[in-house]
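**Q** Protein chains in written order, with our numbering: chain A, 1 to 75; chain B, 1 to 415.
Hints in this document: simulated from the structure, not taken from any laboratory.
There may be inaccurate statements among the hints.
Claimed, not checked - Each computed DSS-like pair below joins lysine-lysine, with the alpha-carbon atoms no more than 25 angstroms apart:
hint, chain 1, residue 1, chain 2, residue 2
1, A, 30, B, 82
2, B, 287, B, 333
3, B, 52, A, 10
To be verified - Here chain B is said to cover these stretches of chain A; the calculated rule only asks that three of the stretch's residues, wherever they fall, bring their Cβ under 8 angstroms from a Cβ of chain B:
hint, stretch
4, 3 to 15
5, 23 to 35
6, 57 to 71
Claimed, not checked - Computed beta-carbon distance windows for the label pairs:
hint, chain 1, residue 1, chain 2, residue 2, range
7, B, 111, A, 26, 26 to 34 angstroms
8, B, 391, A, 38, 30 to 38 angstroms
9, A, 43, B, 160, 54 to 62 angstroms
Glycine residues also receive a C-beta, built at the ideal position from the N, C-alpha and C atoms.
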Amino acid sequence: MLVVTLQRDKCIGCNYCEELCPSLFKMSKKDGKSVLLKSTDKKGFHTLWTTPEYHEAATNAKEACPVNIISVKIK
Amino acid sequence: MEKRKIELMAPAGNWESLQAAINAGADSVYFGIDQLNMRARSSINFTLDDLKEIGERCGKAGVRTYLTLNTIIYDHDLSVIKTLIDAVKENNITAIIASDQAVINYAATQGVEVHISTQLNVTNIETVKFYSHFADVMVLSRELSLIQVKKICDQIKKEDIRGPKGELIEIEIFGHGALCVAVSGKCYMSLHTQNSSANRGACVQNCRRTYTVIDKETGDELEIDNEYIMSPKDLCTADFLDQVLDAGVSVLKLEGRGRAPEYVKTVVEVYREAIDAVQDDTYTREKVQGWMDKLATVYNRGFWSGYYLGQQLGEFHNTSGSKATQKRVYIGKGVHYFPKAQVGEFKVEAQNIKVGDKIIITGPTTGVVEHEITELMVDEKPVDTAARGVNITFPIKDRIRRSDKLYKMVANEEA
Numbered sequence: 001m002l003v004v005t006l007q008r009d010k011c012i013g014c015n016y017c018e019e020l021c022p023s024l025f026k027m028s029k030k031d032g033k034s035v036l037l038k039s040t041d042k043k044g045f046h047t048l049w050t051t052p053e054y055h056e057a058a059t060n061a062k063e064a065c066p067v068n069i070i071s072v073k074i075k
Numbered sequence: 001m002e003k004r005k006i007e008l009m010a011p012a013g014n015w016e017s018l019q020a021a022i023n024a025g026a027d028s029v030y031f032g033i034d035q036l037n038m039r040a041r042s043s044i045n046f047t048l049d050d051l052k053e054i055g056e057r058c059g060k061a062g063v064r065t066y067l068t069l070n071t072i073i074y075d076h077d078l079s080v081i082k083t084l085i086d087a088v089k090e091n092n093i094t095a096i097i098a099s100d101q102a103v104i105n106y107a108a109t110q111g112v113e114v115h116i117s118t119q120l121n122v123t124n125i126e127t128v129k130f131y132s133h134f135a136d137v138m139v140l141s142r143e144l145s146l147i148q149v150k151k152i153c154d155q156i157k158k159e160d161i162r163g164p165k166g167e168l169i170e171i172e173i174f175g176h177g178a179l180c181v182a183v184s185g186k187c188y189m190s191l192h193t194q195n196s197s198a199n200r201g202a203c204v205q206n207c208r209r210t211y212t213v214i215d216k217e218t219g220d221e222l223e224i225d226n227e228y229i230m231s232p233k234d235l236c237t238a239d240f241l242d243q244v245l246d247a248g249v250s251v252l253k254l255e256g257r258g259r260a261p262e263y264v265k266t267v268v269e270v271y272r273e274a275i276d277a278v279q280d281d282t283y284t285r286e287k288v289q290g291w292m293d294k295l296a297t298v299y300n301r302g303f304w305s306g307y308y309l310g311q312q313l314g315e316f317h318n319t320s321g322s323k324a325t326q327k328r329v330y331i332g333k334g335v336h337y338f339p340k341a342q343v344g345e346f347k348v349e350a351q352n353i354k355v356g357d358k359i360i361i362t363g364p365t366t367g368v369v370e371h372e373i374t375e376l377m378v379d380e381k382p383v384d385t386a387a388r389g390v391n392i393t394f395p396i397k398d399r400i401r402r403s404d405k406l407y408k409m410v411a412n413e414e415a
């Protein structure tokens, strides 16, 4: 499984993750920060378990993130 | 010289700095909420829920409040901008500082006062005229000389250029703090190297590092006497503030939302005194020397006069980080205050503290208090020194709180 985590309170809303991995990330119109779609929030860490097909796109988003708040792991 | 009150505007990156600015005599403060400001990365920033208390605390102290909303704005930010500007109106925040036309336009339609950010690089009177349809105060580009600043200020009066409030446009300039190697923050270096846009408040400050210059054809390295080839010294105008104010500016802004609260306290105190001295005709060289010494105690990269005096080339600093002559060391946290006896109790959690130490206490409600330890007690017995693990008490006039932190000031050997 692919595990993606977003620590969204530190997001500066740059939009890279949505550009590079639109299947998993979308910018919130409410607060302008990134949303990891269908994730669960545990103390500010939003985690999504998904299929490995998004591995490359999610890794691109992780590497582009200027504030390093995305992690991508295969478990 | 015309005697009108010059507004001193202080940076507030957190509650400690905000309170320190109020206590030190600032006329106004500027701050950011979450991400849409030029210190999205380097300062903690406030949240939307903090606006009410900021408005109330500053309102009570008679201090004006400005929300910085001056990054570049993308489509997905537009609804956030509206939420923030509506909240500004609701919580009696004085104005917003903006650069993007979407922000300026929405605020203007909502009747929220707009100040034009230095990010818009206002450098001439026609641009002032253009933005006067939306804004009452404009921060000029940091690259102008005082002669150019004065011409713009004079022309505003001559042409009677007024803002939405019906008052003459007020001109604001930067008085003290970090300068950028690029034109007022218009830099793409951080974005190119780390996807981290300075224009979204996320500059990683590549310019503050050392670089070598190599001729790629021959492989020869150019000998340069200073490898910090892109890191300007900090702007300081305390030593020619009479000329700065004579140019006709209405607002003097201090940079430093990413700085510690004691920095804000010191810099605000110095510029408060300096502005008052210029306006009272008591501005002297002796006072200037005292102010310069005091400014050197807090974070700085060495000082220069920026571009105001017409210098052609920038001055670059030559050491890593700050040249501050002193630094703070964490000692412990606040436990209790005995108001009748005027005694504060702290728990020592690191290092040690002794009679004669210069200390500072910082906290979100306290701001910054500077003090020298004259007496020190442990278990109600006088001691000369106290180490980690014990609770200490000492007389102090200012009320201290559980949310406060205690530091001692030591000489900075690296400076």
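**Q** Please go over all the hints and tell whether each is borne out by the structure.
**A** Verification of the hints:
The hinted pair formed by residue 30 of chain A and residue 82 of chain B meets the criterion: a straight-line CA distance of about 10 angstroms does not exceed 25 angstroms. As the CA atoms of residue 287 of chain B and residue 333 of chain B are separated by approximately 35 angstroms, the hinted pair breaks the 25 angstroms bound. Annotation: proposed proximity of residue 52 of chain B to residue 10 of chain A holds, straight-line Cα distance about 22 angstroms (limit 25 angstroms). Check result for the stretch 3 to 15 of chain A against chain B: holds, 5 residues qualifying (beta carbon to beta carbon below 8 angstroms, three or more required).
Residues of the stretch 23 to 35 of chain A lying with their CB closer than 8 angstroms to a CB of chain B number 7, which satisfies the three-residue condition for coverage. Counting residues of the stretch 57 to 71 of chain A whose beta-carbon sits less than 8 angstroms from any beta-carbon of chain B gives 4, enough to reach three: the coverage restraint holds. A C-beta distance of roughly 33 angstroms is found between residue 111 of chain B and residue 26 of chain A, which places it inside the suggested range of 26 to 34 angstroms. Range check, residue 391 of chain B to residue 38 of chain A: Cβ separation about 50 angstroms, and the 30 to 38 angstroms hint is violated.
In this structure the supplied range 54 to 62 angstroms holds for residue 43 of chain A paired with residue 160 of chain B, their Cβ-Cβ distance being about 57 angstroms.
The structure does not agree with the numbered hints 2, 8 stated previously, though it agrees with the rest.
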